[in-house]
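From just these sequences and the hints, can you work out the full model?
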Amino acid sequence: MDELLKYDHVEISFAGRPVVHDVSVSLEPGEILGLVGESGSGKSTLIKAAMGLLGGNGLVTRGDIWFRGQNIPDLSDQELRKIRGAQIGMIFQDAGASLCPIRTIGGQIYESMSAHMEISKEEAKKRSLDLFHKLHFKNAERIWDSYPFELSGGMNQRAGIAIAMLMNPAVLMADEPTSALDVAVQKQVVLEMRQLRDMFGTAIIIVTHDIGVVSAMADRVLVLKDGNAMEYGDAGQVLKNPQNAYTKKLLSAVPRLRRN
Amino acid sequence: MEPILDIKDLTKTFRNRGKSDLTVVDHVSFQLYPGEILGVVGESGSGKSTIAKLITRLIDATEGSIFMNGRDITHAKGAQLKDIYQQLQMVFQNPVGSFDPRRTLGDGIGESLRNHGVPKEKCRERVIRLLEQCGLSEEFAGRYPHEVSGGQCQRAAIARALAIEPKILICDEATSALDVTVQKQIVELLLSLQKANGLSYLFICHNLALVQMLCSRVLVLYDGKIVESGTPDEVILSPKSEYTKCLVDAVL
Ligand SMILES: Nc1ncnc2c1ncn2[C@@H]1O[C@H](COP(=O)(O)OP(=O)(O)OP(=O)(O)O)[C@@H](O)[C@H]1O
Ligand SMILES: Nc1ncnc2c1ncn2[C@@H]1O[C@H](COP(=O)(O)OP(=O)(O)OP(=O)(O)O)[C@@H](O)[C@H]1O
Ligand SMILES: [Mg+2]
Ligand SMILES: [Mg+2]
Chain A
10 MDELLKYDHV EISFAGRPVV HDVSVSLEPG EILGLVGESG SGKSTLIKAA
60 MGLLGGNGLV TRGDIWFRGQ NIPDLSDQEL RKIRGAQIGM IFQDAGASLC
110 PIRTIGGQIY ESMSAHMEIS KEEAKKRSLD LFHKLHFKNA ERIWDSYPFE
160 LSGGMNQRAG IAIAMLMNPA VLMADEPTSA LDVAVQKQVV LEMRQLRDMF
210 GTAIIIVTHD IGVVSAMADR VLVLKDGNAM EYGDAGQVLK NPQNAYTKKL
260 LSAVPRLRRN
Chain B
89 MEPILDIKDL TKTFRNRGKS DLTVVDHVSF QLYPGEILGV VGESGSGKST
139 IAKLITRLID ATEGSIFMNG RDITHAKGAQ LKDIYQQLQM VFQNPVGSFD
189 PRRTLGDGIG ESLRNHGVPK EKCRERVIRL LEQCGLSEEF AGRYPHEVSG
239 GQCQRAAIAR ALAIEPKILI CDEATSALDV TVQKQIVELL LSLQKANGLS
289 YLFICHNLAL VQMLCSRVLV LYDGKIVESG TPDEVILSPK SEYTKCLVDA
339 VL
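Chains A and B supply the protein sequences, listed in that same order.
Read left to right, the first sequence gives residues 10 to 269 (my numbering).
Read left to right, the second sequence gives residues 89 to 340 (my numbering).
Because the hints were derived from the structure by calculation, they are not lab data.
Every residue, glycine too, gets a C-beta built ideally from N, C-alpha and C.
You may find that some hints are simply not true.
Stated by the list, open to error - The following label-pair restraints were derived from C-beta to C-beta distances:
id, chain 1, residue 1, chain 2, residue 2, range
1, A, Y156, B, E322, 16 to 24 Å
2, B, C334, A, N66, 18 to 26 Å
3, B, R103, A, W75, 37 to 45 Å
4, A, M126, B, G185, 30 to 38 Å
5, B, R103, A, Y241, 50 to 58 Å
6, A, E120, B, D311, 29 to 37 Å
As the list claims (entries may be wrong) - Below, a list of computed lysine-lysine pairs in the DSBU-like style, where the Cα atoms sit at most 30 Å apart:
id, chain 1, residue 1, chain 2, residue 2
7, A, K258, B, K96
8, A, K147, B, K328
9, B, K165, A, K143
10, B, K272, A, K57
11, A, K130, B, K107
12, A, K91, A, K15
13, A, K143, B, K107
14, B, K272, A, K258
15, A, K147, B, K333
16, B, K272, A, K249
17, B, K283, A, K143
18, B, K96, A, K147
19, A, K147, B, K141
20, A, K135, B, K107
21, A, K147, B, K313
22, A, K57, A, K257
23, B, K141, B, K328
24, A, K249, B, K165
25, B, K165, B, K96
26, B, K272, A, K134
27, B, K107, A, K147
28, B, K210, B, K272
29, A, K143, B, K333
30, B, K141, B, K165
31, A, K257, B, K272
32, B, K141, B, K96
33, B, K96, B, K107
Put into structure tokens, the structure is as follows:
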């Protein structure tokens with residue numbers, strides 16, 4: 010099948026110092042890739058690079074990131090703005106900070122939707138509240154009218170998930186989307202993301218420390234350490250029968266719930 | 089044994105202009121004993137962070153009282169607060185937002201030490217030692233909050249909270265941004281401080297396996313109320329409330 014997104018021997022540096030080295034990975038439509046690895050290994054950097062969001066001192070210093078025939082590092086800011094959100098969506102690791110502090114959740118959702126599609130405010134709200142309910146928001150109307158500071162950590166995270174999903178992008182980058190959620194809500198988010206893939210063929214990269222989430226979602230897994238790919242392959246294979254020493258160490262450190 | 093923290097009927101109602109009143113912490117009572125790790129689990133939005141902010145006096149309680157070492161700190165201000173923060177520290181749920189973006193992490197971690205008159209050179213040594221205990225090299229002292237990864241910033245926040253050797257540490261999802269190997273290192277650090285210094289923890293955490301491993305008791309919060317409490321085994325192996333059952337069932 011055709012690749013939708015392809016990292017080809019990518020090196021990424023901050024202020025001239027490489028932090029991601031020679032990573033190659035590709036994503037087909039409808040594929041879910043789990044990105045796991047050590048804290049500081051370059052997971053967030055890797056997905057931010059595909060959206061041109063590395064910030065002032067970050068740069069793709071080698072290799073290409075191909076998306077629909079375009080090499081992302083070559084694109085202008087204007088071209089990137091067309092891709093961001095609408096074609097490649099992002100759920101940020103720091104959900105609270107990625108939301109605008111002085112605008113309501115509803116205002117932000119309507120703004121980002123109407124920037125990329127013909128939609129009335131009523132319709133945007135209706136679709137949002139539907140999704141809010143699925144994400145276990147009890148009082149969806151209140152969330153729509155709330156400012157980020159009036160919501161809890163996990164509520165902001167869910168608002169970020171909703172904003173990204175409502176845009177129905179071809180690729181969804183989800184950076185620790187469930188780290189602030191209780192396990193009941195987490196399960197629901199996993200379900201909704203899988204459903205997005207099943208219904209629209211959305212390709213998803215999910216960065217997570219939760220191996221349970223990876224095994225519930227991912228088709229393939231990439232394991233990173235110190236900016237290097239340690240292991241890359243079929244999720245079942247990697248999680249059940251890891252070959253790399255670091256992957257083995259990582260999996261053996263997972264605390265398991267004793268149920269009896 | 090006297091509790092180090094005694095929370096009685098703590099209640100928080102948010103009254104925002106143009107909106108209806110919202111009681112998000114509703115007559116919550118519990119005790120934290122010296123050297124104990126008390127877990128708090130619960131629904132997203134159930135009031136866990138609000139309880140943490142009430143105890144650390146970042147927001148005012150609507151009702152109820154907070155006693156630390158038998159002293160009523162419900163309305164503590166100014167000099168009394170400074171006193172309290174020598175014994176009570178907190179690791180925030182959102183670590184990046186808890187650091188001043190214009191100052192280095194080393195600066196932030198050393199701040200409480202400098203405020204207490206620790207000389208510059210000593211302060212530097214201590215910051216480096218703290219970073220190292222949290223698995224970060226010396227180099228991170230010179231970095232700004234936006235120049236590090238999510239988990240690195242979270243570890244810097246833990247280092248900062250430990251700097252003045254508090255007696256009580258409130259951890260609000262303090263390990264949620266860490267991979268399991270680094271998480272293990274941090275958990276070992278917390279346990280060693282519990283042993284060596286008798287540090288007590290209020291440990292807010294979504295990860296039930298971690299709570300089971302670490303905590304001596306656990307509170308389950310739902311909609312601003314404590315719906316269940318007990319040892320992790322009591323709560324996780326034979327949950328009584330509907331919500332706790334649903335939580336345990338949902339673990340992937
Ligand atoms: N703006 C920056 N300037 C300098 N170094 C940076 C910058 N941003 C990130 N880094 C460094 O790049 C490396 C990769 O960071 P990244 O945020 O991608 O890690 P991560 O795998 O997402 O980790 P975590 O799981 O802790 O979020 C880290 O060592 C980090 O310190
Ligand atoms: N400043 C505020 N104004 C109005 N409501 C607020 C404010 N701060 C928090 N809330 C509300 O209080 C409730 C509890 O929030 P809190 O942050 O304590 O939840 P939490 O248990 O920490 O959740 P999470 O696990 O998602 O972090 C939420 O419904 C939230 O919307
Ligand atoms: Mg990250
Ligand atoms: Mg919280």
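Quick rundown of the hints versus the structure:
Hint check: Y156(A) to E322(B), Cβ distance near 39 Å, so the stated range 16 to 24 Å is violated. Range check, C334(B) to N66(A): Cβ separation about 45 Å, and the 18 to 26 Å hint is violated. Taking the beta carbon of each, R103(B) and W75(A) are about 53 Å apart, not inside 37 to 45 Å as hinted. For the pair M126(A) and G185(B), the beta carbons lie near 31 Å from each other, so the given range of 30 to 38 Å is met.
The given range of 50 to 58 Å is respected by R103(B) and Y241(A), whose C-beta atoms sit roughly 53 Å from each other. The supplied range of 29 to 37 Å is met by E120(A) and D311(B), whose beta-carbon atoms lie about 31 Å from each other. A hinted pair counts as satisfied when its Cα atoms are at most 30 Å apart, and K258(A) with K96(B) does not qualify at roughly 44 Å. Of the supplied pair hints, the one linking K147(A) and K328(B) holds, its CA atoms being roughly 22 Å apart against a limit of 30 Å.
At most 30 Å may separate the alpha-carbon atoms for a hinted pair to count; K165(B) and K143(A) exceed this at roughly 43 Å. A distance of roughly 27 Å separates the Cα atoms of K272(B) and K57(A); the hinted pair therefore holds under the 30 Å criterion. For the given pair, K130(A) sits about 21 Å from K107(B) by alpha-carbon distance, which is consistent with the 30 Å threshold. Proposed proximity of K91(A) and K15(A) is supported: the alpha carbons are some 19 Å apart, at most 30 Å.
For the hint pairing K143(A) with K107(B), the CA-to-CA distance comes to about 24 Å; that is within 30 Å, so the pair holds. Between K272(B) and K258(A) the alpha-carbon distance is near 12 Å, which keeps this suggested pair within the 30 Å criterion. Pair hint K147(A) plus K333(B) holds up; C-alpha atoms about 19 Å apart against a cutoff of 30 Å. Restraint check for K272(B) and K249(A): satisfied, since their Cα atoms lie roughly 21 Å apart, inside the 30 Å limit.
As the CA atoms of K283(B) and K143(A) are separated by approximately 44 Å, the hinted pair breaks the 30 Å bound. For the given pair, K96(B) sits about 27 Å from K147(A) by alpha-carbon distance, which is consistent with the 30 Å threshold. Straight-line distance between C-alpha atoms of K147(A) and K141(B) comes to about 23 Å, which keeps the hinted pair within the 30 Å bound. For the hint linking K135(A) to K107(B), the alpha-carbon distance of about 21 Å falls within 30 Å, and the restraint holds.
At roughly 16 Å between alpha-carbon atoms, K147(A) and K313(B) fall within 30 Å of each other, so this suggested pair holds. Between the alpha carbons of K57(A) and K257(A) the distance comes to roughly 27 Å, so the proposed pair stays at or under 30 Å and holds. Among the hinted pairs, K141(B) with K328(B) is consistent with the structure: their alpha-carbon atoms are about 28 Å apart, no more than 30 Å. For the proposed pair K249(A) and K165(B), the alpha carbon gap of about 55 Å is over 30 Å, so the pair is violated.
Taking the CA atoms of K165(B) and K96(B), the gap is about 19 Å. The hint holds against a cut of 30 Å. Note on K272(B) and K134(A): the hinted pairing is violated, with a Cα-Cα distance of about 43 Å set against a maximum of 30 Å. This hinted pair checks out: K107(B) and K147(A) have alpha carbons roughly 16 Å apart, not beyond 30 Å. Distance check on the hinted pair: K210(B) and K272(B) sit about 28 Å apart at the alpha-carbon level, within 30 Å; holds.
Proposed proximity of K143(A) and K333(B) is supported: the alpha carbons are some 20 Å apart, at most 30 Å. Restraint check for K141(B) and K165(B): the C-alpha separation of about 14 Å stays at or below 30 Å, so the hint holds. As the CA atoms of K257(A) and K272(B) are separated by approximately 15 Å, the hinted pair is consistent with the 30 Å bound. The straight-line distance between the Cα atoms of K141(B) and K96(B) is roughly 15 Å, inside the 30 Å bound, and the hint therefore holds.
As the CA atoms of K96(B) and K107(B) are separated by approximately 28 Å, the hinted pair is consistent with the 30 Å bound.
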